[in-house]
Amino acid sequence: DAGVIQSPRHEVTEMGQEVTLRCKPISGHDYLFWYRQTMMRGLELLIYFNNNVPIDDSGMPEDRFSAKMPNASFSTLKIQPSEPRDSAVYFCASSPPGRTQETQYFGPGTRLLVL
Amino acid sequence: AQKITQTQPGMFVQEKEAVTLDCTYDTSDQSYGLFWYKQPSSGEMIFLIYQGSYDEQNATEGRYSLNFQKARKSANLVISASQLGDSAMYFCAMREALKGGADGLTFGKGTHLIIQP
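Residue numbers (my numbering), protein chains in the order written: chain D, 1 to 115; chain C, 1 to 117.
Next comes chain D alone, as it looks inside the complex (with noise of 0.2 Å):
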C-alpha cells in the first residue's frame, strides 16, 4: 500500500492568498483525520471524517479554515485568506473501520509557510 499521500509537501505563500492541502487516504480506511504541528501548540486535531462526512470540527480554528471529504479517496483543508499564524505543518491521518482505537497512519504531512 502507498501510504496516505499528501499534497503539496511544502507550500509558501503570501498573507491573503488562498491555500489548499490534499490528502489521500490509505484505500478502505474510512476515518480521515487532519492534524496541525506548530512550536507552540504541538500537534492538534482539527477535523475528522468517517465515511466521507465530517463528524467532528471543534478543533477548527476559525471560518477562514474549512474542510471537505467529496469521496472515499480525497480530502482537502482549505485556508482562506491565509495569514502568517498559519504557518505550521499539516498532517492527514487516516484508520480501518472500527480500528480508530487502535492506530492512525500518518501522510507525511505538508510544511505551510505564509510570507
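Everything labelled a hint here was simulated from the structure, so no lab data went into it. Quantities reported herein were computed from a predicted structural model and do not represent experimental measurements. Mixed in with the good hints, there may be bad ones.
Dumping the calculated DSSO-like pairs for lysine-lysine here, alpha-carbon to alpha-carbon at most 27 Å [said to hold, decoys possible]:
id, chain 1, residue 1, chain 2, residue 2
1, C, Lys99, C, Lys73
2, D, Lys68, C, Lys99
3, C, Lys70, C, Lys3
4, C, Lys73, C, Lys3
5, D, Lys24, C, Lys99
6, D, Lys24, D, Lys78
7, C, Lys99, D, Lys78
Here the structure of chain D is known, so what remains is to put chain C in place on it, guided by the hints.
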C-alpha cells in the same frame, strides 16, 4: 481534559545502548489507549507501538517495547540496542473519544532523541 507529559525535551544516547523515553498521562477514563510515534527530521509521523489500558502484557514491536505501569499512569517507550537511525523526535499520545464515536489523539510535546556513534 486528558493530558500527556513528556519530561525529557532532549536526550543524547550512545549507539547500541538501550533508551527509555518517559511518558506520563492523566485521564479519568477506565478505557484508554497509548501510542508512540517517531518523527524523523524528514517530518513524517511514523506509528511505532500501541498499548490498550486493559492489555495485561506490555506491548512489543521489534526493538520497541512499552513499559506500561497503570497505577503510576506511565507508558515509557524502551528502544533496545539503539541505532543512529533512531535519532528523531518521539511523541507519546493518548486516545481521546471524539464526538461521533471515533477516537482522536492527544499528543505530548515530544522528546528529541539523538543517538551518538
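Hints, verified against the model:
1. Between the alpha carbons of lysine 99(C) and lysine 73(C) the distance comes to roughly 25 Å, so the proposed pair stays at or under 27 Å and holds.
2. Between lysine 68(D) and lysine 99(C) the alpha-carbon distance is near 18 Å, which keeps this suggested pair within the 27 Å criterion.
3. For a cut-off of 27 Å, the pair hint linking lysine 70(C) to lysine 3(C) stands: about 15 Å separates their Cα positions.
4. For the suggested pair lysine 73(C) and lysine 3(C), the alpha carbons sit about 11 Å apart, so the restraint of at most 27 Å is met.
5. Our distance criterion of 27 Å between C-alpha atoms is met by lysine 24(D) and lysine 99(C), whose separation comes to about 23 Å.
6. Distance check on the hinted pair: lysine 24(D) and lysine 78(D) sit about 15 Å apart at the alpha-carbon level, within 27 Å; holds.
7. This hinted pair checks out: lysine 99(C) and lysine 78(D) have alpha carbons roughly 22 Å apart, not beyond 27 Å.
When held up to the earlier numbered hints, the structure conflicts with none and fits them all.
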